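Student: Here is what each chain is made of, one letter per residue.
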Amino acid sequence: MWIGILLIYLGTHSPYTTDVTQRLASSSMQHWLGTDALGRDFLARLILAGVISFLFSGVTVLLTATVGTVLGLFAGYYGGLLKRIIHRIEESLIIFPDTVLALVLAGLLGAGINSLVLAILLIKWVSYARLTETIVSSTKQSEYIWMARVNGLSDAMIVRRHLLWTVLRQVRVLMSVDIGKIILFLSAFSYIGLGVQPPVPEWGAMLNEARPYFQAAPRFMIWPGLCIVLTVSASMWWNRRLQQQTAKKGV
Amino acid sequence: MIQLHHVTVTAPTKPLLHAITVDFPANQFICLIGASGSGKTLLLKHLLGLVPETLSVGGTVTFAEGEDWVRGREIGYIPQHYQQSFVPFLTIKETMRDLCRAHHVAYDKEQTESLLCSFRLDIDLLDRLPHQLSGGQLQRMAIILAVFLKPRLILADELTTALDPVATRQLLDWLRNYQQQTAATVLFVTHELTHALHYADTLYIMKEGTIIDAVTPETIHASRHPYTQALYTNRHL
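Quick mapping for you: the protein sequence lines, in order, are chains G and C. Sequential numbering from 1 applies to the first sequence in our numbering. Sequential numbering from 1 applies to the second sequence in our numbering.
Read the hints as simulated data drawn from the structure, not as lab findings. Source: prediction; values computed, not measured. C-beta atoms are modelled at their ideal positions from N, C-alpha and C, and glycine is treated no differently. Treat each hint with caution, since some may be false.
To be verified - Label pairs and their calculated CB-CB ranges:
{"hint": "1", "chain 1": "G", "residue 1": "E143", "chain 2": "C", "residue 2": "T62", "range": "26 to 34 angstroms"}
{"hint": "2", "chain 1": "C", "residue 1": "Y107", "chain 2": "G", "residue 2": "V229", "range": "48 to 56 angstroms"}
{"hint": "3", "chain 1": "G", "residue 1": "S92", "chain 2": "C", "residue 2": "R97", "range": "40 to 48 angstroms"}
{"hint": "4", "chain 1": "G", "residue 1": "T134", "chain 2": "C", "residue 2": "D164", "range": "38 to 46 angstroms"}
{"hint": "5", "chain 1": "G", "residue 1": "D155", "chain 2": "C", "residue 2": "Y107", "range": "42 to 50 angstroms"}
{"hint": "6", "chain 1": "G", "residue 1": "R219", "chain 2": "C", "residue 2": "P88", "range": "22 to 30 angstroms"}
{"hint": "7", "chain 1": "C", "residue 1": "R97", "chain 2": "G", "residue 2": "K248", "range": "25 to 33 angstroms"}
{"hint": "8", "chain 1": "G", "residue 1": "V229", "chain 2": "C", "residue 2": "D122", "range": "51 to 59 angstroms"}
{"hint": "9", "chain 1": "G", "residue 1": "R160", "chain 2": "C", "residue 2": "T13", "range": "33 to 41 angstroms"}
Extracted from the complex, chain C is given alone in its bound form:
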């Protein structure tokens, strides 16, 4: 579905992503796993077409059947630092309406309410400014904003980093259910192998700016790559 061919991102002094050639399958919950600094977030930025101008980019990214996917509409993004991702002086509803306006789509009140309901969030929250919402409410709003226009690809960056185990479970359950119901593709960036093993259809292991291995939760134990083996062996530590 999403084909990356010889993708490279280079800083003036060193390569950050190099020679990534991969074909992410459609309609799957895909986990991109790797240590901090392995290039996971940069790869997501590259898929969004928003690599900083100071870096040089090479290779090609092709979405399904060579279509030109539009950010925000076909590609939804759930940021890691969701608290700062909201416009501080616009209510959540105004931000949603801006999103609709940008993509020439009518604001679907019923769908919004149903999404809020699925997260057990009050509808009144839509009329509040971001600082009037709690951290947990904001995070769920960030997910709602990402899936609001029914994108075909959802990119989630380190979604559960600051969450307790119960909240992590609820959030990932929701995302997994949503992915199955809508047949969207989720590309979930994490460094928690246990989460990946529980939710992913396929895992892509990243190390030092490249994808070194592709496994499934069922086949990971048989991987021959030493880094994958080390990750698997130490998953409970």
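For reference, chain G alone in the conformation it holds in the complex:
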């Protein structure tokens, strides 16, 4: 219901329309959370920033998980060169913290959301590939996989029907934590100007825009900050729930 109300609000209030006569206006019936320094509706921008953050994070996680899982399935099932390559890449990536590496890549690829998606994809696919490869390598030794071979099931069928299910149960746990992490990434990168570019709203970028008004209108910092904290906490809570579920049911 709340999401519905917020979306209706977004539909009726443009996050881009400026009105200099309404600069830094306080909360009112017309502008529930007031307006920003350019007179734009603050709540509308906050909502759109949330939609963008979720879309960006969702698409990036989905893309990363797909690439990593597919490569991990091949590497785990067939082993060989691909498995060795994944291990070497993972070892070399461990040396650098994710954020530093993303910063370098995003800097090299240029500012913007597409560059950030690509940078995160390049860094994160390997953790999905490694997770999948480890699960597949151990699961393929199971008696039931051997039995599937005995029963004449093709490799494609074994991977699709038997291994993918086991892998996806673990991958979704990793995805749930990455949703929050990537929202945090996006906010951090937008804050320093490497993520979402103006005038498109984003929580990190909004924090940056609010810096000059920190004392006069602290709400411009509090609301986006609160949104980031709550979203990341929700992602962590969801992750814990999934972990508990997975542990309860076993793989």
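Following the hints, put chain C in place on chain G, whose structure we already have.
Tutor: Chain C alone, transformed into the frame defined by chain G:
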């Protein structure tokens, strides 16, 4: 029917099966008997073409008239550790349907029900996950899965190891009847000579990775091989 010619399976340090040359006859209940570690299960794996990659394989295996028999369709396998052989997150019916899909065969509901009926198993069990079935039900399901597509060769590995005498009798009676009705060939691996003598048409004795003797229940007492004689003499111990 199944001809093995100079079959060898070798581990990096020692031979596991060596120089097995044998012709298993068709439409028979054949028992492969031998002590633990004699290579019985490995021979079955070799017939299935699933010897681990770490072992090297030599010799030839020829099925009837040089046909290329397909695992799961022409060759059915009843595993020793049947509890772990089921996909834990698929129902029995889903596993059966996968088997049909793999071999491009339509799922035969009536045949499945008749097989379940012959084992006095409830049809509802098909919609359950493996962990929702008892050990005995799972074992019978493992047999149903092995014979489900009417294979010409059924390989059964130490089927009765964990069973009480009554259940053993029921299971072997069923398998023997099934073999006679369908004229399939059953290759039954066991270390129980009494079972072999009761059910087998032919017994092949394995020792230290090779087949050392081939006898029938009627001729075993006259075997000259000392190991066969020892097995026969000590069969009731």
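Student: Now look at each hint and say whether the structure bears it out.
Tutor: For each hint, the structure was consulted:
Checked against the given bound of 26 to 34 angstroms, the beta carbons of E143 (chain G) and T62 (chain C), roughly 29 angstroms apart, stay inside it. The hinted range of 48 to 56 angstroms is satisfied by Y107 (chain C) and V229 (chain G), whose Cβ atoms lie roughly 53 angstroms apart. For S92 (chain G) and R97 (chain C), the Cβ-Cβ distance of about 44 angstroms falls inside the hinted range of 40 to 48 angstroms, so the restraint holds. Remark: the range hint 38 to 46 angstroms for T134 (chain G) to D164 (chain C) is upheld by a beta-carbon distance near 41 angstroms.
About 22 angstroms separates the C-beta atoms of D155 (chain G) and Y107 (chain C), a value inconsistent with the hinted range of 42 to 50 angstroms. Judged by the Cβ atoms, the range 22 to 30 angstroms given for R219 (chain G) and P88 (chain C) is violated: they are separated by roughly 53 angstroms. Our hint of 25 to 33 angstroms for R97 (chain C) and K248 (chain G) holds, since their Cβ atoms are close to 28 angstroms apart. The beta-carbon spacing between V229 (chain G) and D122 (chain C), approximately 54 angstroms, falls within the hinted interval of 51 to 59 angstroms.
Taking 33 to 41 angstroms as the suggested C-beta distance range, the pair R160 (chain G) and T13 (chain C) conforms, at roughly 38 angstroms.
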